[in-house]
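Please build the complete structure, drawing on both the sequences and the hints.
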Amino acid sequence: MSNSGKEVCSLVSVKIKNLEEIKNSEGPAAETIERVMRKAKESKAKIQSNDSFKSVIFSPALTKQQDNILSAANFAKEAEQIFNEHNRKYGQKIQFGIGIHQGEMIIEPKMGGMEYTSVGN
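Just so you know, the working numbering puts 32 at position 28 of the sequence shown, and the rest follows in order with no gaps.
Note that these hints are calculated values from the structure, not bench results.
Computed from a prediction, not measured in an experiment: that's the story for all the values here.
Warning: the hint list may mix true and false statements.
No farther apart than 30 Å at their CA atoms in a straight line, the calculated lysine-lysine pairs in the DSBU-like style are these [said to hold, decoys possible]: (1) Lys-97 with Lys-45; (2) Lys-45 with Lys-68; (3) Lys-45 with Lys-93; (4) Lys-68 with Lys-93; (5) Lys-81 with Lys-27; (6) Lys-81 with Lys-68; (7) Lys-93 with Lys-114; (8) Lys-81 with Lys-48; (9) Lys-81 with Lys-21; (10) Lys-27 with Lys-45; (11) Lys-48 with Lys-19; (12) Lys-93 with Lys-43; (13) Lys-19 with Lys-97; (14) Lys-10 with Lys-97; (15) Lys-114 with Lys-10; (16) Lys-43 with Lys-27; (17) Lys-48 with Lys-114; (18) Lys-68 with Lys-48; (19) Lys-48 with Lys-10; (20) Lys-10 with Lys-43; (21) Lys-10 with Lys-45; (22) Lys-114 with Lys-97; (23) Lys-81 with Lys-10; (24) Lys-10 with Lys-93; (25) Lys-97 with Lys-48; (26) Lys-19 with Lys-93; (27) Lys-48 with Lys-21; (28) Lys-45 with Lys-81; (29) Lys-27 with Lys-68; (30) Lys-10 with Lys-68; (31) Lys-43 with Lys-21; (32) Lys-114 with Lys-68; (33) Lys-68 with Lys-43.
Listed below in structure tokens is the structure:
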């Protein structure tokens, strides 16, 4: 496992379809989303945000494990459970989608962190 180069990484994409609505209201939905992201950080994953998408990257360089697909699947399942629990308890629902993928990424050190670029599709 190196600090730069090509690695097989597992990726969980979390899309919050009604994120703008959640941002503009007071209530527990924003805290639930933050709770899911804390779970990702506890898993030693890298989080990249893009509007309503959060990409959670499980990389051998970060997790110190070669095969991260099980960690990614466990995180995705836990995130789904947290969102579903929230939606059962509260009036303001979180409309979400979760996807999981594994593939090669190029990892480069950048200003005290790491930058990830997907290879292929």
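We went through each hint and held it up to the structure:
1. Lys-97 with Lys-45: Holds: Lys-97 and Lys-45 sit about 24 Å apart, inside 30 Å.
2. Lys-45 with Lys-68: 14 Å, holds
3. Lys-45 with Lys-93: Measuring from Cα to Cα gives roughly 25 Å; hence the hint holds.
4. Lys-68 with Lys-93: 37 Å, violated
5. Lys-81 with Lys-27: 24 Å, holds
6. Lys-81 with Lys-68: 21 Å, holds
7. Lys-93 with Lys-114: 41 Å, violated
8. Lys-81 with Lys-48: 17 Å, holds
9. Lys-81 with Lys-21: 18 Å, holds
10. Lys-27 with Lys-45: 21 Å, holds
11. Lys-48 with Lys-19: It holds: about 20 Å lies between the C-alpha atoms, which stays within 30 Å.
12. Lys-93 with Lys-43: Given pair Lys-93, Lys-43 holds - Cα atoms ~20 Å apart, limit 30 Å.
13. Lys-19 with Lys-97: 14 Å, holds
14. Lys-10 with Lys-97: 39 Å, violated
15. Lys-114 with Lys-10: 15 Å, holds
16. Lys-43 with Lys-27: Judged against 30 Å, a Cα distance of about 20 Å means the pair holds.
17. Lys-48 with Lys-114: 18 Å, holds
18. Lys-68 with Lys-48: Satisfied, since the Cα-Cα distance of roughly 9 Å is no more than 30 Å.
19. Lys-48 with Lys-10: With Cα atoms ~19 Å apart, Lys-48 and Lys-10 stay inside 30 Å; holds.
20. Lys-10 with Lys-43: 26 Å, holds
21. Lys-10 with Lys-45: 22 Å, holds
22. Lys-114 with Lys-97: The given pair, whose Cα atoms are some 37 Å apart, is violated under the 30 Å limit.
23. Lys-81 with Lys-10: 27 Å, holds
24. Lys-10 with Lys-93: This hinted pair is violated, its Cα atoms lying about 43 Å apart.
25. Lys-97 with Lys-48: 28 Å, holds
26. Lys-19 with Lys-93: 20 Å, holds
27. Lys-48 with Lys-21: Holds - the C-alpha atoms of Lys-21 and Lys-48 are around 25 Å apart, at most 30 Å.
28. Lys-45 with Lys-81: 15 Å, holds
29. Lys-27 with Lys-68: Given that 30 Å is the threshold and the Cα spacing comes to 35 Å, the pair is violated.
30. Lys-10 with Lys-68: 15 Å, holds
31. Lys-43 with Lys-21: 20 Å, holds
32. Lys-114 with Lys-68: Holds, at roughly 19 Å.
33. Lys-68 with Lys-43: It holds: about 17 Å lies between the C-alpha atoms, which stays within 30 Å.
The structure fails hints 4, 7, 14, 22, 24 and 29 (numbered hints given earlier, in ascending order).
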